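Peer 1: Assembly of the complex is requested from the two constituent chains, each provided in isolation within its own frame, with the hints serving as guidance.
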Amino acid sequence: MLLEIKNLSRRFGGLQAVSDASFSVRQGMIKAVIGPNGAGKTTLFNLISGTLLPSSGAIHFKGQPIHGLPPYRIARLGMARTYQNIKLYPGMTALENVMVGRHCRSRAGFISGMLSLPWTKKEENASRAAALELLALLDIADLAEVEATSLAFGQQRAVEFARALAMEPELLLLDEPAAGLNIYETAEVARLITKINEQGITVLLVEHDMSLVMDISHEIVVLSFGEKIAEGTPSEIQHNKEVIRIYLGEDDA
Amino acid sequence: MKRHLPLGLLVLAIIGVQLLTRATDTAFYLTPLTMTAYYSLVIVGLCLLMGYAGQISLGHAGFFAIGGYLSAMLTTKNLVPFKDNSLISLCDELGLLVHGQDMFGSAFTHVQPWAACGCAILVTIVVAYAIGIPVLKLKGHYLAMATLGFGIIVYRLALAFPLFGEADGISDVPGFPLLPGLSVSGDFSSRVSNYYLAWGMVALAMWLLVNLIHSRVGRALKAIHGAEGAANATGINTARYKLNTFVISAVLASVAGIFLTHYNGGIGPSEAGIMKSVRYVAIVAIGGMANLWGALTMGALLNIMSLRGMFGSYDDAVFGAILIVIMLFAPQGLLGISLSATFKRILRRGE
Numbered sequence: 000m001l002l003e004i005k006n007l008s009r010r011f012g013g014l015q016a017v018s019d020a021s022f023s024v025r026q027g028m029i030k031a032v033i034g035p036n037g038a039g040k041t042t043l044f045n046l047i048s049g050t051l052l053p054s055s056g057a058i059h060f061k062g063q064p065i066h067g068l069p070p071y072r073i074a075r076l077g078m079a080r081t082y083q084n085i086k087l088y089p090g091m092t093a094l095e096n097v098m099v100g101r102h103c104r105s106r107a108g109f110i111s112g113m114l115s116l117p118w119t120k121k122e123e124n125a126s127r128a129a130a131l132e133l134l135a136l137l138d139i140a141d142l143a144e145v146e147a148t149s150l151a152f153g154q155q156r157a158v159e160f161a162r163a164l165a166m167e168p169e170l171l172l173l174d175e176p177a178a179g180l181n182i183y184e185t186a187e188v189a190r191l192i193t194k195i196n197e198q199g200i201t202v203l204l205v206e207h208d209m210s211l212v213m214d215i216s217h218e219i220v221v222l223s224f225g226e227k228i229a230e231g232t233p234s235e236i237q238h239n240k241e242v243i244r245i246y247l248g249e250d251d252a
Numbered sequence: 000m001k002r003h004l005p006l007g008l009l010v011l012a013i014i015g016v017q018l019l020t021r022a023t024d025t026a027f028y029l030t031p032l033t034m035t036a037y038y039s040l041v042i043v044g045l046c047l048l049m050g051y052a053g054q055i056s057l058g059h060a061g062f063f064a065i066g067g068y069l070s071a072m073l074t075t076k077n078l079v080p081f082k083d084n085s086l087i088s089l090c091d092e093l094g095l096l097v098h099g100q101d102m103f104g105s106a107f108t109h110v111q112p113w114a115a116c117g118c119a120i121l122v123t124i125v126v127a128y129a130i131g132i133p134v135l136k137l138k139g140h141y142l143a144m145a146t147l148g149f150g151i152i153v154y155r156l157a158l159a160f161p162l163f164g165e166a167d168g169i170s171d172v173p174g175f176p177l178l179p180g181l182s183v184s185g186d187f188s189s190r191v192s193n194y195y196l197a198w199g200m201v202a203l204a205m206w207l208l209v210n211l212i213h214s215r216v217g218r219a220l221k222a223i224h225g226a227e228g229a230a231n232a233t234g235i236n237t238a239r240y241k242l243n244t245f246v247i248s249a250v251l252a253s254v255a256g257i258f259l260t261h262y263n264g265g266i267g268p269s270e271a272g273i274m275k276s277v278r279y280v281a282i283v284a285i286g287g288m289a290n291l292w293g294a295l296t297m298g299a300l301l302n303i304m305s306l307r308g309m310f311g312s313y314d315d316a317v318f319g320a321i322l323i324v325i326m327l328f329a330p331q332g333l334l335g336i337s338l339s340a341t342f343k344r345i346l347r348r349g350e
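Residue numbers (numbering that gives the first Met the number 0), protein chains in the order written: chain A, 0 to 252; chain B, 0 to 350.
Bound conformation, chain B alone (with noise of 0.2 Å):
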């Protein structure tokens, strides 16, 4: 299978970097670059959603700081003074909570990672329908402007409110057990198992994503990109394919959020802020907009370096100077040019 063939390259890669800062005794490196894999799951899901259905978002970074916020906020608030409250004794009969004691030895309880987790993913879901139903009949600049003003909303609601943490945001959040022996957390020993379920993520998620594209689903939403009205009147419900990939996007970026918040033990307001939404968006045209793996490698790539912090204070400038380089002189991004037109003349070449 032709498309399953650069998968098959990206497990290769992810066992051989893995294999190679073992061998270099550079396992340091490990951590930005589990970081780097969930904004990673971001940046798919948003090129499945811009240059796909052809829709722009400038807030996905709120999806991924409502996905980070909650599962950090619940997982780190003490129920223990609300434990007489008729909804909480419902969840700890039902065993969402985890009972506990904190470092001074008093009692602390908090919900379960998988609780919190699945109520972050269902919090998403319901805000990107609440949000995506107005505002996707939008189009071009206007759907720029409304996803930006959402984006705003979400950083303005983390900086606010004591509950999440204001402008210190939530630390102390505890690891995330996935299942017996594998927790996503950032202690030093599961370093290596972090990385394997990280890179594990991006590489479902693209097996998913890459699915979608060569499907009859795929091929709607590039026609909705190419010709709406077109689309509508072959048959294909506009409004709801571009809603549905919204959604999807938003989930992505809001597991994103998640898991990276548990990886870091903590989640900060500067996740939210509108620059790491143009970061994103920035990344996506790089790598060529309709380009999925474009996006994947321009996307590890940028941010390994921005995590190693090669682009000093200047970092947020990095990504604001690329997008308005690659709208002027690359508009197919940087990969679209060379390497699809490289590997075609090779193709072409071998028949």
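Only chain A is shown next, with the shape it has when bound in the complex (with noise of 0.2 Å):
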């Protein structure tokens, strides 16, 4: 298992957020979770990602328990994120916000920076090529000069893919990847997810478009209240009375 998720709970004050959720990650699979709003989907993302901890429960990734360790560690393990509200760093480029994604696989620190030894440069510019090469991948390379944040919505949203990439991640996290695209655009991301798991990266997905759930997961995690309620591939998904219930109310209501 790529990522273990044992009774993990997490509580802000009154609220239990996400209550005793247990479920895994295999290798190489896309798997979802799905779930009404205030399900508890982005906190079940920022516990897996380290930016908020845990109040119990346990979080293994690749066989090594992960709860409790700062994000930037996680990171380094090899897990990447998106954001569901786009978190660009803004003042740099669309190629130096992914640039920035290298920083995990390079590692020219302040000394070197500052003396700017050949090595560096060295470094410097397989970087950019790496950055570059992602922002073809995800068709903006023409915009790699432009400033990230002044781009449109959806080709923001491919630059912090193209961020994530470059870590050379295990496990890509992707909050919400078709929040605010048409369906044009929401096919595409479809696609992107498919191929890039075809390289081998294992996807976890938070999204409310159901077709693309349906379409291109193998495995979905379903929450509600904070509860896994039900877990299994797309099509024992549609036919579970409970999931049925949550989304649609009761035959009697």
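Read the hints as simulated data drawn from the structure, not as lab findings.
One-sided and incomplete, this derived list gives chain B residues near chain A with beta-carbon spacing under 10 Å:
hint: 1; residue: Asn210
hint: 2; residue: Ala219
hint: 3; residue: Thr237
hint: 4; residue: Ala238
This structure is a prediction, so every number in the text was calculated from the model and none was measured. Yeah, the Cβ is synthetic: ideal placement off N, Cα and C, and Gly gets one too.
Peer 2: Okay, here's the thing in structure tokens:
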């Protein structure tokens, strides 16, 4: 198992945002977390990536406990994420944003940076080339020198995607990758996620767009009020009575 | 190399100004110009911390004072009464002490300037880490308040201890012989060499800092400035990067303090004052925050004006007013607006 979540809970004061959730993600799959608004999906992502500490429970990544580690340590282990409300670095070009993603795959420090040692230039060029390649993969190579936060919404999403991929992650967490996109862009994102997955990157995504989730994911976890209520393949989930009840309400309602 | 062009211009300007003062027989300008260079060193270091890493410090005069005061105290304190102390005799055996006579002919032993300088820098690093670790967890106003508190503590300590001369400060600080024939001192004969030494240090600092901001680390600092959480999740050890930057800028301030104190032959508590810290922050803001060359240009300009007494007794008030006006009307800095836009326009026309 690449990622294992055991009895994970997080409470904010009186609100139990995630409650005793357990599931795991196998290497190489695309797994989706769905659930109504406020089900605790983003909290779950923040717990996995280390931004929030769990109240109780355990998270193992590549067999190693990661609950309690700071986000940068988890990132270096091979986990990258995107955000529901895009978080790009202002005042930097799209290319520079993606190059920041190369941070954990390069090593020039304060002293070598200040002295501009010859090997750092080589590393810098390699980072630049890798970043440009990713921008090209996402069809935004022509926007490399544009300030990232001034781009259109869909393009910003692509830059964030490229930044995450630049980290060469084993597990990619995507928080609503299709939010705010039209149906053509959503189809494009679906193709992209599948393509990334085929290159061996495991994907865990949170998404509201049911057609996207049903199309591309191998397995689905359903959360409601912080609790896991179902887990299975897309067709199992589509026929799960509990899931239907949550999404559509009860028959006699 | 595009990014080394301004550095070349700086070197040319340094030489040009010196030649100009010689040609016009105005060599007296070299003294305030040399002092300006050391203040500029503080300012470019603070610019790295504020403009690039996005962490404010209202206590940089404190680091300047730690460097200046320690170096001054160690090189003026007569150690003859303590010569039997085991620590002092150990220092003597290591060759860290200088023996001589004072103006009345009695024995006078003090710490060798290089040793004093090393000690001052070491203390600065220790203090910067000790302050930085807890304080850099804070953000915005809280960080400003905490660093302000640090500055006030250093100021009060300088005023309180007889060892640091209380309200009088420390005077009669000897020159700092760096190399044979090159000494940091206010001697009339070494005015030109000190001018080149001071501005040479500024040029060196600019070379190091410009390299840094164009490196992987500089990119990480900008990312921390823009979105700290996301930077951390991208694998950047944000706490350590902020701390290292804080220490680097503290050391630059401290080195400036050490050299200026030896150059002036003394240091007083006003160098540790809050208004000095505010002045440094104001100049970084006028320079355009994330703009090392802007900070250096404005720093040189305003410091020379201040040292020549152009602001009269309103000196501190002028810097306070500048800070308010810049924040209201030109948060991008004075140079940020005009120069870079003009420069880009010219470049575009050239294409």
